[in-house]
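Starting from the known structure of chain A, arrange chain B on it as the hints suggest.
For the protein sequence lines, the chains are A and B, in the order given.
Numbering-wise (UniProt numbering), the first sequence opens with residue 1 and increments by one.
Numbering-wise (UniProt numbering), the second sequence opens with residue 1 and increments by one.
Be careful, since some hints might not be right.
Unchecked claim - No farther apart than 16 Å at their CA atoms in a straight line, the calculated lysine to aspartate or glutamate pairs in the EDC-like style are these: (1) Lys49(B) / Asp63(B); (2) Lys7(A) / Glu186(A); (3) Lys203(B) / Asp204(A); (4) Lys94(A) / Asp300(A); (5) Lys94(A) / Glu57(A); (6) Lys93(A) / Glu290(A); (7) Lys7(B) / Glu88(B); (8) Lys51(A) / Asp63(A); (9) Lys203(A) / Asp63(B); (10) Lys93(A) / Glu121(A); (11) Lys203(B) / Asp163(A); (12) Lys203(A) / Glu88(B).
To be verified - Computed far set for chain A versus chain B, every beta-carbon distance over 12 Å: (13) Asp25; (14) Glu120; (15) Ile159.
As the list claims (entries may be wrong) - If you want the footprint, here are the derived chain A segments under chain B, 3+ residues with CB under 8 Å: (16) 164 to 178; (17) 198 to 212.
What the hints contain is simulated information worked out from the structure, not anything from laboratory work.
Please read all numbers here as calculations on a predicted model, not as lab measurements.
A virtual CB, placed ideally from N, CA and C, is assigned to each residue, including glycine.
Number of protein chains: 2
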Amino acid sequence: MGDDCCKSVKVFAPATVANVVCGFDVLGFAVYAPGDEVIMRLTDEAGVKIKAIHGDEGKLPLDPAKNTVSAAVIDYLQAIGEPERGVEITLFKKMPVGSGLGSSAASTVAGLFAINTLLEERLPREALLPFAMAGEQLACGQGHADNVAPALMGGFVLIRSYDPLDVIRLHTPPGLVCALIHPHLEVATRDARRIIRQQVSLKDAVQQWGNIAGLVSGLYREDHALISRSLQDVIIEPVRSMLIPDFYTLKQKALDQGALGFGISGSGPAVFALSTDQDTACSIRDAVQEHLRTLGIESDGYVSQVNAEGPRIM
Amino acid sequence: MGDDCCKSVKVFAPATVANVVCGFDVLGFAVYAPGDEVIMRLTDEAGVKIKAIHGDEGKLPLDPAKNTVSAAVIDYLQAIGEPERGVEITLFKKMPVGSGLGSSAASTVAGLFAINTLLEERLPREALLPFAMAGEQLACGQGHADNVAPALMGGFVLIRSYDPLDVIRLHTPPGLVCALIHPHLEVATRDARRIIRQQVSLKDAVQQWGNIAGLVSGLYREDHALISRSLQDVIIEPVRSMLIPDFYTLKQKALDQGALGFGISGSGPAVFALSTDQDTACSIRDAVQEHLRTLGIESDGYVSQVNAEGPRIM
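Isolated chain A (complex conformation) (with noise of 0.2 Å):
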């Protein structure tokens, strides 16, 4: 053990746009702006301890048991049979806690991979994802996939059940680009969840499946029209709209600048666009940006490619 002490390592880990629109619950993605970043050094000292979190404005625990980053590492250093290893984790926070972006997802996802990688990779990427889900339970209440899986794994990911878990990776054209901006409204994804009808129309959900089966093979084909025409939420998005002032004149000016397809990230109250391009996007998160100062909201803007990699050492 004495061998690998003092080794560290700065890991990046994307925010993630989850549902897609059509995708509820199964679908999501990783982006390039923004992420959580964290710094761990393996110590002589037995046990996992937060060293320090910056940027969260001190609303994520220290304690080691509730925050999910250290959670997490603990969980998988049980796992694979080394409880009393050393470990001290710096957590930098990069995007809003609460904010639909993924936020919990990314540093847990950012301290499995940081500790897989100082550990020489004892478990293949995707078997970290159980213990990522389970930082999620205890960040949210819920052990959902959609922002994890694909933060882990880059690109677009669809979890095709939960029980078993079965996470694919679809294929992710290059050349997408995101949107991002996140409103200064508090949001809370239990209550995003609440508002949800537990009962739908066999119609509506026929009309989901379709859109959600054209989303794939739009990803497959890189077929941005169709990927465009497949982009719609009959289900959801007429509910939880109504959590985000001016959703469908927001949506709207996404569109006239040119986006493939508008929805809320997550639970919210962030928004997203998918584009072809850099100077589209730019233009899309001005144009939702400058709405949102109009109705006196700030927000954040983000742009980036859609990041097919995941997390990555820096």
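Just chain B now, kept in the frame of chain A:
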């Protein structure tokens, strides 16, 4: 017009499996067996006539306005501005009516493909679809496209949206073999639709759209294991299976023989299984037919590759 007189063509159009387990109302694929045949001849005498129908046991109307084949041809001729064309149709029904095999779709598509061939492909193939759908409306009281679209275009076809109509030819992996078994039971499509619940739980809907997304991904990746895992239906099959005696035993027997998946073809009573080779498909067909015989139910069995080409001139 005289130059064309007496030109004739014989066309085969395939049976189709609609729904494909997890794609209710939006997915279908074509096979090579069974299928219907049409002989069509241009005549000097104005108007569309049915010369004869073979193999229907007198069930289908000979009145050109009521028969789906002739009615679709009449629509087509009107749309291209040649309502006075003389056409004589002979229809060979080579599969049972009301079986869940897309019987009316096969006949209608054969007729439309024949007239369009005789008139030198006046319309591109996909432009024939609306005429075929109108034929389905006449035959089934529903203008569904999940039989006519694959019968016309071949392979696996997605109807992403009905309004506006958006039909996507998915990738069809080579080597998929379909076993089709038609038990001699009466299940009217209208009844089979009536028993389906019009409200579904969001939880079931999420499972279903995870599965259809998995199936589409599996087709593009040519991933048999993923196709197999995705061929699950938590919404329609639990209800419609009640119309087919011992459905779940038949399913288990098919899976035991190595089927990738097993389900109801369209609205039944035909059932189908997908597999990766001819021998497996034959074993599945035999096992299912044998069990049906123990219940005192006779059946027709067919085995063929998935048909990626659609109708063809014989």
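Satisfaction of hint between Asp300(A) and Lys94(A), Cα-Cα up to 16 Å: Roughly 11 Å between the alpha carbons, so the hint for Lys94(A) and Asp300(A) holds.
Pairwise hint evaluation, Asp63(B) against Lys203(A), where the allowed Cα distance is 16 Å at most: Violated, because 34 Å separates the two Cα atoms, which is more than 16 Å.
Non-interface label on Glu120(A), tested against every C-beta of chain B at 12 Å: 30 Å, holds
Straight-line alpha-carbon gap Lys7(B) to Glu88(B), limit 16 Å: 11 Å, holds
Satisfaction of hint between Glu88(B) and Lys203(A), Cα-Cα up to 16 Å: 40 Å, violated
Pair hint outcome, Lys203(B) versus Asp163(A) [Cα-Cα no greater than 16 Å]: Distance of about 13 Å is within 16 Å: holds.
Lys49(B) paired with Asp63(B) [C-alpha distance capped at 16 Å]: Holds: Lys49(B) and Asp63(B) sit about 8 Å apart, inside 16 Å.
Minimum Cβ distance from Ile159(A) to chain B greater than 12 Å, as the annotation requires: Answer for Ile159(A): violated, closest chain B Cβ roughly 7 Å.
Chain B versus Asp25(A) - minimum CB to CB distance exceeding 12 Å, so not interface: Violated: least Cβ distance 5 Å, not greater than 12 Å.
Pair hint outcome, Lys93(A) versus Glu290(A) [Cα-Cα no greater than 16 Å]: It is violated: about 26 Å lies between the C-alpha atoms, which goes past 16 Å.
Hint consistency between Lys7(A) and Glu186(A) [alpha-carbon to alpha-carbon, up to 16 Å]: 39 Å, violated
Claimed coverage, the region 164 to 178 of chain A by chain B - three or more beta carbons nearer than 8 Å: Per the Cβ count (4), the hint holds.
When held up to the earlier numbered hints, the structure conflicts with 2, 6, 9, 10, 12, 13, 15 and fits the remainder.
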